[in-house]
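K.L.:
Listed here are the chains, written in short residue letters.
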Amino acid sequence: MAEPGQIPNPWPEMTDIATLEQETLRQIAEAADEAALEAVRLAALGKKGAISALLATLGKMSPEERKTEGARINLLKDKATEALAARRAELAKEALERRLAAETLDVTLPTATSPLTRGRIHPISQVMEELSVIFADMGFAVAEGPDIESDDFNFTKLNFPEGHPAREMQDTFFLTPEAGEKKLLRTHTSPVQVRTMIAQKPPIRVICPGRVYRCDFDQTHTPMFHQVEGLVIDETTHMGHLKWVLEEFLKNFFEVKGVRLRMRPSFFPFTEPSMEVDVQCRRQGGEIRFGEGEDWMEILGCGMVHPNVLRNCGIDPDVHQGFAFGVGIDRLAMLKYGMSDLRAFFDADTRWLEHYGFRPLDFPTLAGGLSA
Amino acid sequence: MKFTLSWLKDHLDTSASLAEIVETLTRIGLEVEHVHDPAAQLASFRIAHVLDAQRHPNADKLQVCMVDTGDGAPVQVVCGAPNARKGLKTVFSPPGTYIPAKKITIAKGVIRGVESAGMLCSFEELDLASESDGIIELPETAPTGAVYAQWAGLDDPVIEINLTPNRADAAGVYGIARDLAAAGVGVLKEREILPIVGRFPCPVGVKLDFSDADKHLVPFFGLRLVRGVKNGPSPAWMQERLRAIGLRPINALVDITNYLTFDRARPLHVFDAKKVRGDLVVRRAVKGESLLALDGKTHELDDTIVVICDSNGVESIAGVMGGEASGCDEETTDVLIESALWDPRNIAHTGRKLGIVTDARYRFERGVDPAFALPGLELATQLVLELCGGEPSEPVLVGAVPRERTVVDFPWSETKRLAGVDLGPKQAASLLERLGFNVEGDETRARITAPGWRPDIEGKADIVEEIVRLYGVDNVPSTPLPRADGVAPAVLTLMQKRARAARRALAGQGLVEAVTWSFVSSEQAEAFGGGATALKLANPIAADLSDMRPSLLPGLVSAAQRNVARGLGDQALFEVGQIFLDPSDKGQRLAAAGVRRGLSGAGRHWSIKPKRADVFDAREDAITLLQALGVATGGLQIIPGGPDWWHPGRSATLQFGPKAIIGHFGELHPRTLLEQDVEGPIAAFEIILDMLPPPKAKTTKIKSKLEISDLQPLSRDFAFIVDKTTAAGDLVKAVAAADRALIVDVSVFDVYEGAGVPEGKKSVGIAVTLQPREKTLTDPEIEAIALKIVTEAGKKTAATLR
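Keeping their order, the protein sequence lines are chains R and Y. The first sequence begins at 1 in my numbering and counts up one residue at a time. The second sequence begins at 1001 in my numbering and counts up one residue at a time.
Treat the hints with care, since some could be wrong.
Stated by the list, open to error - Here are the simulated distance ranges between beta carbons:
#1 R:His-355 with Y:Val-1357: 39 to 49 Å
#2 R:Ala-367 with Y:Val-1757: 50 to 60 Å
#3 R:Gln-219 with Y:Lys-1698: 49 to 59 Å
#4 R:Asp-218 with Y:Pro-1074: 43 to 53 Å
#5 R:Ala-199 with Y:Val-1357: 36 to 46 Å
#6 R:Gln-219 with Y:Asn-1475: 30 to 40 Å
#7 R:Asp-349 with Y:Ala-1727: 35 to 45 Å
#8 Y:Ala-1727 with R:Tyr-337: 44 to 54 Å
#9 R:Thr-117 with Y:Val-1357: 52 to 62 Å
#10 Y:Thr-1699 with R:Tyr-337: 20 to 30 Å
#11 R:Asp-349 with Y:Gly-1529: 23 to 33 Å
#12 R:Glu-354 with Y:Ala-1784: 54 to 64 Å
What the hints contain is simulated information worked out from the structure, not anything from laboratory work. All residues carry an ideal CB built from backbone N, CA and C; glycine is no exception.
Using the sequences provided together with the hints, build the complete structure.
P.N.:
Shown next, in the form of structure tokens:
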């Protein structure tokens, strides 16, 4: 029966449908891989396959015979097709399982650190941003000025009398005098207040953060440190407003529900009345908690801007008035985040920076809270 | 300023407790820094009687004492003091007592087999002497069982206040009592000081030898002789008070001047009249004059310093310190008492110039009460007569006590205006009057005259402070600061935003932020382009902190080296901060810089090839920073090379044109590192943030239109051979310029030198991405562009296809 060019029917005698079925299903089940299974499919259902050959015999049958034989042969074809599909799926599943078994990796191997986990923001920068977030919400702009200042802006305009001890070489850094003005390194950021008052008409609300310099070097003093000062000048702002601003500032900065402040009269050349502010705290085993306790910690100096300072900056003290305050940024950072030695801030020991520093994306915001 | 509680009570009639007094002082601006209550730490030490003392059976130098502590049966104490003996009255501390000098708490113990239930003490152990050679010996009359400190009169608390420079009036105990009385704590004991009737004219005359322009230097000078005095130790009460505030009693005459300095803020001076020749002349010193002063030092004087002279020459530095030659000692029988007024600024100048810090200078330079100059002389005379006897002369008074007082025209509304406190005129006036102010006026305003002891009062703000100080600044009601309606507006300037963004961007690159000193050593400054004289400190705190930094790099480099010395070899540090090109305002620039040393990135790791930080890491940091700051880098030129401190072959200058240099990146010059003792190589960059072009002002936030093509981009690779020295950047530029419409990206995927490439040449692999715009490109069109690319590259960089 074989035609030229065709694969011979492997089972020429196997016209017994039951036998054919049994044999075909066995071969499908035994096919070990895709290729073997394809060979079985061709032998059974290919153009010259055994089942295809059986189907071809239908044409020569009588209608009655075709009816009964046709049903049997088609049933056989369906069974074979189904078995082939099932076996194929099974083989695919086994193949995948073998691949997966071969692909297994040791997922406990540590991965390399990413730049975002290695980078750090210095606590001073972080605290400066925290401060500007709080004060921006209260309408304060951020004013900055040069570190190298004139005696006039650092002392004279701020009502420091001639011969005041702060003007001495043992307290203030001076630059080598060349022809012209004697320059110094600002001892506070108050000259920025002066510059702001000269440049801008009231109302004024600014904070002035920045580096300041004094001749001092021990565990709690460094020749360079950071300060933020605040200044409000308008026609109505008084000591009560000052107190409120400081309460809001400290409460939000330390992220506590509330703080009690204690104000004491004090003296600064550039404010009158002048006050020092103590903040309520609890000292516990070397740790300081704010917003609770019965202890006090001196934290900042403040007062109403001295009429002489206003006059020196071209502002009439009978029309305009306002307050100023100043606080150490490094000290605020130490109190909030618990560093003990100021000198370490400027030593750049990467172990310290990694420990006390902040992650690159730890942005202080009001919406999200100042610190993570 | 120190004083004791009993001293205060000499001037203040009060039943207030120590705690109340301390709290009030702080509240009214006389901040209490420290209260030392010797009785508190000595409360357990009691007077005891040694009933018997026997040699310790097991130790030659110890004795076993039976001690009556006044508390029942005698106790047994082992004692090592040589003077422990039968019958001695001494001081005993039971087990559980804290021994201040030794900072220990004693316990019951067994010493060499003998029980010991307490300790017999020395003055040293009680912190009452710096050394002792045995236990305390008390008179036989000392009552056994009594608390020693009470019996010895050591229970007078010492209060130390941190006096602000404006409060000269509180530099005396009397002034402090006056402030407390005004604050409602007790009543000031005002005692009349009666003039002393002189028995004879003062034989020593006084001349104030000043030009009219200098008269302010000594407005008034008072002098009196007391002859026939008997100088010796001052009485115990005076010595105890002086000791309590840290002064050393010397003799009665000197102690009286010190006592009144603290009691009344009235410094005085006493001369031994027998050592003074002729009349006293007060004048400016002459250059070349000098004085051996009471501090034992010889001070060189000049004409800025006021002195008191006799015919022997200079005897005293006015208002600051007396001379050794005319000082009073135990032999003194005739004493000249001086009470004068000096110019505060001149005294401050003299004290500073000579480096003399005295209690007299402290008070004179802050301003003493002129009106008390004469009463001070009377009071001193009275004390000399009481303590040393003698016969007083009539006073010599030269010049005149200034009578001018500061008068402030004060609207009562000022208190509400500045302090937010609404006190009625009556209440405010009464507070002021209690402080010694004179108030005349009506319900709306008053003429307020400041008392002579308040030289700090200048104007209305000072009056407000006085009122609020006594009312209590803590009672000022907290008042919300009015805020703008709606959302708070943005406040940061462009540079402030850049500084913040720079920090976050560089930290995001894995760099750690350092904050280093604004000053560096002059070697460092010079090595990094600085060192100008105008930027050197005249008085640096240390030799290596002498010059304002011209760059952030020296600070970062030495920080990296310090970490290397700690064993932390891989460093990635940055700083954003000010640098100084000259001392003018504009000479200060804001820079951002970073250094990398050792392995870059994550360091040694199984998943990556470890790589030393190099010029390309620095370039990535710099370019990433610019892009994070939103700077358009299209026109950025990267010119090989930089200033001296950069490696000549591994660095570049970043600029938008020859006059718009924004910074550098690269490896630091090995010589520069060597000179700084830094172990390199170090890759670094520094960008001057002020030099970056500002963003273009835009009227809308709408971004330019996005065009997304439906056509697929296609990529072609080229391998060019160029000279080894040809900059890859130039080749990339040439290729990109071949067709600006269709070429959207040019990248270098390979650089190769070696086998297969001619000597002196390198192969550069370039991938070009083409984005068809209107229609798919045909093969001939693509070929044409490729040809153009090759031609352009050949023309501009002599590149040939490999």
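K.L.:
Determine for every hint whether it applies to the structure shown.
P.N.:
Consistency of the hints with the structure:
1. R:His-355 with Y:Val-1357: 39 to 49 Å: With a Cβ separation near 43 Å, His-355 (chain R) and Val-1357 (chain Y) satisfy 39 to 49 Å, so the hint holds.
2. R:Ala-367 with Y:Val-1757: 50 to 60 Å: 58 Å, holds
3. R:Gln-219 with Y:Lys-1698: 49 to 59 Å: At 51 Å between Cβs, range holds.
4. R:Asp-218 with Y:Pro-1074: 43 to 53 Å: 52 Å, holds
5. R:Ala-199 with Y:Val-1357: 36 to 46 Å: 41 Å, holds
6. R:Gln-219 with Y:Asn-1475: 30 to 40 Å: The hinted range 30 to 40 Å holds for Gln-219 (chain R) and Asn-1475 (chain Y), with Cβ atoms some 37 Å apart.
7. R:Asp-349 with Y:Ala-1727: 35 to 45 Å: Given range 35 to 45 Å: holds, Cβ gap about 40 Å.
8. Y:Ala-1727 with R:Tyr-337: 44 to 54 Å: About 48 Å separates the Cβ atoms of Ala-1727 (chain Y) and Tyr-337 (chain R), which means 44 to 54 Å holds.
9. R:Thr-117 with Y:Val-1357: 52 to 62 Å: 55 Å, holds
10. Y:Thr-1699 with R:Tyr-337: 20 to 30 Å: Given about 43 Å between the Cβ atoms, the range is violated.
11. R:Asp-349 with Y:Gly-1529: 23 to 33 Å: For Asp-349 (chain R) and Gly-1529 (chain Y) the Cβ distance comes to about 27 Å; the hint holds.
12. R:Glu-354 with Y:Ala-1784: 54 to 64 Å: At roughly 57 Å between Cβ atoms, Ala-1784 (chain Y) and Glu-354 (chain R) fall inside 54 to 64 Å, so the hint holds.
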